[in-house]
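With chain W fixed as given, assemble chain S onto it according to the hints.
The listed protein sequences correspond, in order, to chains W and S. When we follow the numbering used here, the leftmost residue of the first sequence carries the number 1, and every step to the right adds one. When we follow the numbering used here, the leftmost residue of the second sequence carries the number 1, and every step to the right adds one.
Bear in mind the hints are in silico, worked out from the structure with no lab data behind them. Watch out, some of these pointers could steer you wrong.
Claimed, not checked - Cβ pair distances, simulated, as ranges:
#1 S:S688 / W:E48: 51 to 57 Å
#2 S:R513 / W:K97: 40 to 46 Å
#3 S:M594 / W:R113: 29 to 35 Å
C-beta: ideal position from N, C-alpha, C; glycine also.
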Amino acid sequence: MSDQKSVLVVEDEMLIAMDLEMSLQDLGWNVVGPVAQADRALRLVETEKLDIGLLDYNLVSGTSEQIAMALLKKSIPVIFLSGDTLRKRSEHLKHCKVIAKPVNIDKLNEALRSALE
Amino acid sequence: MVISNSPALRPAIAKLGDSERLTAVAKAALEFDQNAAFLDELTKLIQFTLEVPVVLVSLVTDERQVFKSARGLSEPVNTERETPLSHSFCQHVVTSGGPLIVSDAPNTELVCDNLAIRDLGVQAYLGTPILSPEGHVLGSLCAIDSLTRGWLDRELRILEGFSRSITAELVARSNFSRDMERVVSRLARITDHAPVMLAEFDKDYRYIFVNQAYAEMVKATPDEILGKEVAAVIGDTAFSEVESRMRAALAGETIEYDLQVGDAGEQHKYLRVKYVPETDECGETQSVIVAITDYTTEAMVQEKLEQSRQRLVTAHDLSPDGFMIFQAIRDDNGEIADFRFDYTNDAGAKIAGQPAEELIGLGLLEKLPGNRDEGLFDGYVSVVETGEIFRRTVYYAHDGLDLWIRITAMKLEDGFAVSFSDVTKRKQSEIALAENADRLQRILDNVVAFVGILDADGVLKEANQTALDAAGIAREDVVGLPFWETYWWSHDPKTQADLRDAIDRAKSGELTRYDVEIRVADEQAIWIDFQLIPLVNEDGSISEMVPSGVDISGRKESEIHRELLVGELNHRVRNSLATIQAMARQTIRSASGMDEFDKTFSARLNAISAAHDIVMHENQGRASLQTMIERQIGPYASELSSQLKLSGRDVALSGPSAHAIGLVLHELATNAAKYGALSLSDGCIKISWQEAGNGFVDMTWEEKNGPPVSPPLRVGFGSRLIKQSLEYALGGTADLEYAPDGLIVRLQFPKDVSDE
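Chain W on its own, in the form it takes in the complex (with noise of 0.2 Å):
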């Protein structure tokens, strides 16, 4: 399928990381992941065609900053997932969407789709 799109789902809570799986894939994406750790997951922006990225903003290891930068860099659009939307995020990270946990999928389909119009 030509019109499949790939994202990179980065989550480090497992049942969440699962539901997002099954459900993205149910709603027709390529879903590259989950992927838990940041290394992990900036191995994966090196090696696998993505054309946008969803990152849970507080991982285990930290944010999820560094990957979104990575993924940035090679203009691919990112939507961070946040259970604490009133954190600061870098100043240059402020315009990338933020959509809050727990998440609503239709709603996250609809802003996967509409950053990639």
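Below, chain S without anything else, positioned relative to chain W:
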């Protein structure tokens, strides 16, 4: 700055033989001989002050040194009072023009060969130059020790001081003879205007001196009288009356008599006449001085004097201050033994608590012995002996009195006059005021708040100890500075500007309060709740301002901490909701209907909740693996003891590890209850585990005596969850073996996965 040794700034440095210097030495020697007592007192004082055996005033000529005063010399030098230069240390003071300090003579190059060491036993020598009024070095004032001695700078300065006083004495004496000449010529000018008639006549009764007043008395001018005979001037009649007395005066007798002159109808004049013989060196009377005073007015003066005395007494009686006059009562040795009450005004008697008539004529110590205890008596004695004024405020609680008195005593004849007032009330209020101020200061110093006082311009007048201690500074470091320039505010211009604004507002009567970070000790900063209150006078002007502050850094920290906690809580709640949402969606996928969804979802929620309980309730957020197994499997095993066999030493798991393993155990248990060993009453599960090192735990789940097992057709949520939990969330491994005898699951997972 370098002090130059320029000769202009130094005493004249003269060689010993300089003729001008030798003349000055000879002149000084004469002066010193006339003034021996002064020098002897001086050397005695030096001997006592410096604690040295020998002190000399030594004049140095070009061949010897002569001692004009000497203490502690041994014979024969003590009698001879001189030595040749071979024995003179003092000559070096003269030649150098400066002090000579020798601590150990035999080992001092300049003097080691001096014969004074051998013959006079000189070991240590401290000498300072004695200068003439013109600046010649005459000799040395020296202190000599027979032991080696390190002279102190203080001792040198003492000796120099005494040297200067010798010079000052020489200056005074040379001024004195010059002054005498001036006095004589001045006296002549003064006598012309004196109210005393003065004249002098010689052995031939001819006037050799008259003053203006005398000339006027005989209605002539001084020039007309000088050289004339007395009889020709005053008339033969008058002369005959006084001739015998004049003769007696010429014979060497001092004569004094009263004389009444005046014509009828005129006011009589009362004259007092005195003849004083002037003698030459041989004792022969060469002339007689006549001094006549007109005491006609003296009677009137006497009367006036009595009047003013009376006025003074009246004034004293009106005065609220006590006033008394005392005369010294001296014992046989001339020492003051007591003072006699000579006079007291009414107020004085009242303060002393005794009627005047019971005081007058009696002794001070006799009537008021408390004066000795308070040191007042000694003070009065000192007034009489030194003439200095004595002032003191004392608390006097003797002799039936109890009061504060302020005393001023002044010498009067051989006694003293004393004025005193009862200052008890003032003193008490002073004490009360001081106590109040002191108490307030102590309170302020001990309150935990920072408190200060500013004047109306914002200059710090006072700060309490708490504020000073916080900054680690002393009062004097900050008092007197504009408040915004003090230590606490000195770290930040913005903070200073805000404070100046607050002070400006306080000047217009406005109170300001805000939180601010101030500088404290060790370059730290703390938050305070700061308040600046103006103290407003009745007329609306501002007298002072009171800044105060309370340390709220604790409150600030907990505010920040609370914000962090709220953020963290928000984050976790949202994550939990997301997790539950994800689990619900996954459960729906595999559920056949609402009933099954309800049952499975509730059971999974319970499993999560149970895992959470165990983590929360056990020690420090760690959970026992064994408890976790029992809690998760218990609900599905009818006979826990027979169906469940556990072996392994208990392991404490971190929160995330426990959560993940709890959910895995739940999935395994529900699966076993539905399809495996727990679905039959004979079935049993053997769970064994052990620590594998590196913080990992190896765990094996073996089912026995259950229904026959075959691999599932598709991978269900349960087995996916097991694998993902281990591999994804914990970074461990999970291996599911569908053995025909029963499911075998091998898990390896870390016990210490942390959540942040």
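We went through each hint and held it up to the structure:
Separation of S:S688 from W:E48 is about 41 Å and departs from the stated range, judged on CB atoms against 51 to 57 Å. Between S:R513 and W:K97 the C-beta distance comes to about 43 Å, which sits within the given range of 40 to 46 Å. One distance hint, 29 to 35 Å for the beta-carbon pair S:M594 and W:R113, holds here, with the actual separation near 32 Å.
Consistency note: the structure conflicts with earlier hint 1 alone.
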